[in-house]
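Based on the sequences and whatever the hints tell you, model everything.
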Amino acid sequence: MSFAEALPWVLLALVLCVLVVVAGGIIGLRIALRGTSEDARPHIIRALGDYFRSLVDAVFRWRRK
Numbered sequence: 001m002s003f004a005e006a007l008p009w010v011l012l013a014l015v016l017c018v019l020v021v022v023a024g025g026i027i028g029l030r031i032a033l034r035g036t037s038e039d040a041r042p043h044i045i046r047a048l049g050d051y052f053r054s055l056v057d058a059v060f061r062w063r064r065k
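Taking the numbering used here, the leading residue of the sequence shown gets 1, the next gets one more, and so forth.
There could be a bad hint or two in this list.
[Said to hold, decoys possible] Pair ranges (Cβ atoms, derived):
#1 G49 <-> L14: 31 to 37 Å
#2 W9 <-> L33: 33 to 39 Å
#3 I26 <-> A6: 28 to 34 Å
#4 A4 <-> A40: 46 to 52 Å
Because the hints were derived from the structure by calculation, they are not lab data.
Nothing here was measured: the structure is a model prediction, and the numbers come from that model.
Glycine residues also receive a C-beta, built at the ideal position from the N, C-alpha and C atoms.
Pasting the structure below:
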């Protein structure tokens with residue numbers, strides 16, 4: 001299999017990995033928010049936002065090298 005034939009499969013695998021990570025974050029948010037008080041919810045949402053921001057930063061930092 002040449003690189004040109006493998007490229008769509010590699011891109012598909014990358015998209016699926018991203019979808020799994022995003023779905024995991026959404027599921028984590030639902031679980032975390034289910035048992036928390038109203039005061040703690042903004043902190044949990046902010047923490048998950050920081051987590052996804054760090055993932056995006058890591059991807060773009062890796063890509064620049």
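Checked hints:
no.	hint	in the structure
1	G49 <-> L14: 31 to 37 Å	violated (22 Å)
2	W9 <-> L33: 33 to 39 Å	holds (36 Å)
3	I26 <-> A6: 28 to 34 Å	holds (30 Å)
4	A4 <-> A40: 46 to 52 Å	holds (51 Å)
Violation of the numbered hints given earlier is confined to hint 1; every other hint is satisfied by the structure.
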